[in-house]
Amino acid sequence: MTEWCDVIAVADLESGWVTRVRMGTRLIAVYDTPSGIYASLALCNHGGADLCDGYFDGHVIECPLHQGAFDVRDGRPIAPPAPRRMRVFEARVQDGMVQLRL
Amino acid sequence: MSQPVVTPLTQALAEGKLTRDEVKSFMQRSDGPALRRLALWVAVLAGTTTLITLAWDSWLIWPAMFLQGVVLVHHFSLQHECVHYTAFRTRWLNDLVGHLCGLVIMLPHRFFRYEHCDHHTYTQLPGQDPEQVPMPQNLGAYLLYLSALPYWKTKFAEVARHAAGRLSEAELRFIPREERATVVRDARLMLSFYAALFAAMALSGWWGLVWYWIIPVFLGEPVMRFIRMTEHVGRPEVAQMSDNTRTNLVSAPWRFLCWNMNYHAEHHYVASVPFHALPRLHERLRDHIHVEPRGYLGAHLDILRQMRAARE
Numbered sequence: 001m002t003e004w005c006d007v008i009a010v011a012d013l014e015s016g017w018v019t020r021v022r023m024g025t026r027l028i029a030v031y032d033t034p035s036g037i038y039a040s041l042a043l044c045n046h047g048g049a050d051l052c053d054g055y056f057d058g059h060v061i062e063c064p065l066h067q068g069a070f071d072v073r074d075g076r077p078i079a080p081p082a083p084r085r086m087r088v089f090e091a092r093v094q095d096g097m098v099q100l101r102l
Numbered sequence: 001m002s003q004p005v006v007t008p009l010t011q012a013l014a015e016g017k018l019t020r021d022e023v024k025s026f027m028q029r030s031d032g033p034a035l036r037r038l039a040l041w042v043a044v045l046a047g048t049t050t051l052i053t054l055a056w057d058s059w060l061i062w063p064a065m066f067l068q069g070v071v072l073v074h075h076f077s078l079q080h081e082c083v084h085y086t087a088f089r090t091r092w093l094n095d096l097v098g099h100l101c102g103l104v105i106m107l108p109h110r111f112f113r114y115e116h117c118d119h120h121t122y123t124q125l126p127g128q129d130p131e132q133v134p135m136p137q138n139l140g141a142y143l144l145y146l147s148a149l150p151y152w153k154t155k156f157a158e159v160a161r162h163a164a165g166r167l168s169e170a171e172l173r174f175i176p177r178e179e180r181a182t183v184v185r186d187a188r189l190m191l192s193f194y195a196a197l198f199a200a201m202a203l204s205g206w207w208g209l210v211w212y213w214i215i216p217v218f219l220g221e222p223v224m225r226f227i228r229m230t231e232h233v234g235r236p237e238v239a240q241m242s243d244n245t246r247t248n249l250v251s252a253p254w255r256f257l258c259w260n261m262n263y264h265a266e267h268h269y270v271a272s273v274p275f276h277a278l279p280r281l282h283e284r285l286r287d288h289i290h291v292e293p294r295g296y297l298g299a300h301l302d303i304l305r306q307m308r309a310a311r312e
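In order, the protein sequences belong to chains V and H.
Residue 46 in our numbering sits at position 46 of the first sequence; the count goes up by one each step and never skips.
Residue 275 in our numbering sits at position 275 of the second sequence; the count goes up by one each step and never skips.
A hint or two may mislead.
Said to hold, decoys possible - Quick list of simulated restraints, FRET-style, between CB atoms: (1) V/ASP95 / H/PRO253: 54 to 62 Å; (2) V/GLY58 / H/ARG284: 36 to 44 Å; (3) V/ARG84 / H/THR53: 47 to 55 Å; (4) H/ARG284 / V/GLY48: 39 to 47 Å; (5) H/ARG311 / V/GLY48: 17 to 25 Å.
To be clear, the hints were calculated from the coordinates, so they are not data collected in a lab.
Think of the CB as a built atom: it goes at the ideal place given N, C-alpha and C, for glycine as much as any other residue.
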């Protein structure tokens, strides 16, 4: 089982928006949503743009380059040209820190 | 995906022209502005439709149909806003309205969406930007483009080709594999819709839609070609968004018709900003982008000047 890793303090998240976090060589997008914290790889699996610069509304992140969109809860593509599920990570909050299983 | 792509927005943030908070504020979407504008849009269409009816038995029907056509071809602008999902906050409304606009001007919505994605990725790069309008080589080519004849020839051939299940090499590049069948189906549905409409007119003997819709669209399209030329033609063929696109300052009626897309450089800078926020974004970026203060006419004077200079 993968270990939980601290990635960012909850207080440092952009409220109701998406926050970019770097973990080693990986860019992670952490989403503050009405139903909790979610996380995914930050680069769009269509054109490689950084989703953290995209539009975020509720549970939907939209790529800033082509407006393809994903549901951040399960990574499901909900608008083309997003071709397939994005990679999402299990997330939890522990002692004021967002933790992910990477 | 090992290397991140530098989007215009990433570039803008890196250049420090906009802060992240500003971008967030500009991006905020709402259904209200587009629904209010749509109500006025329908009222304008009702007005121009009435003009055609009043002018039915006189030569005045031709200017009336032209006016109607100018409004009808601007469904392109609304469809474009829907392509970016920025017209409405409610996503399905963008899809619905986008498809309806596409029916008005014979532009299948999903195909346009994929093509337009590539236009934003490769803006003004020859051979890569699928929507690039090349600089005309001479006055004849300039006038031919404005006639919209080449445009319609391309569009009819394109929709027919898609309906036949064929996609060009360039289209295979920008249409995701899993969406190719959808593009073909959309073209078939669109042609079926037009065929059913003409069959209904033939059966009923009432050909009114030809006068209220079809002829006006053909009369109005040169105006749309005139406007589309002003967006990029004559701007440098480079990837830098602040250089390769032109913003035109135009009067309120034109801004209404084009859904503020005269702020084209701002739109290319941050494509996720809705039409109603573009005037505010313009105030922030006006010193960083290329602005044509004389509007569409000024842009064409610039294009004609560059054509003359290239020949000398």
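Inset, instruction - Against the earlier hints, flag every one the structure doesn't satisfy and list their numbers going up. - result: 2, 4 and 5
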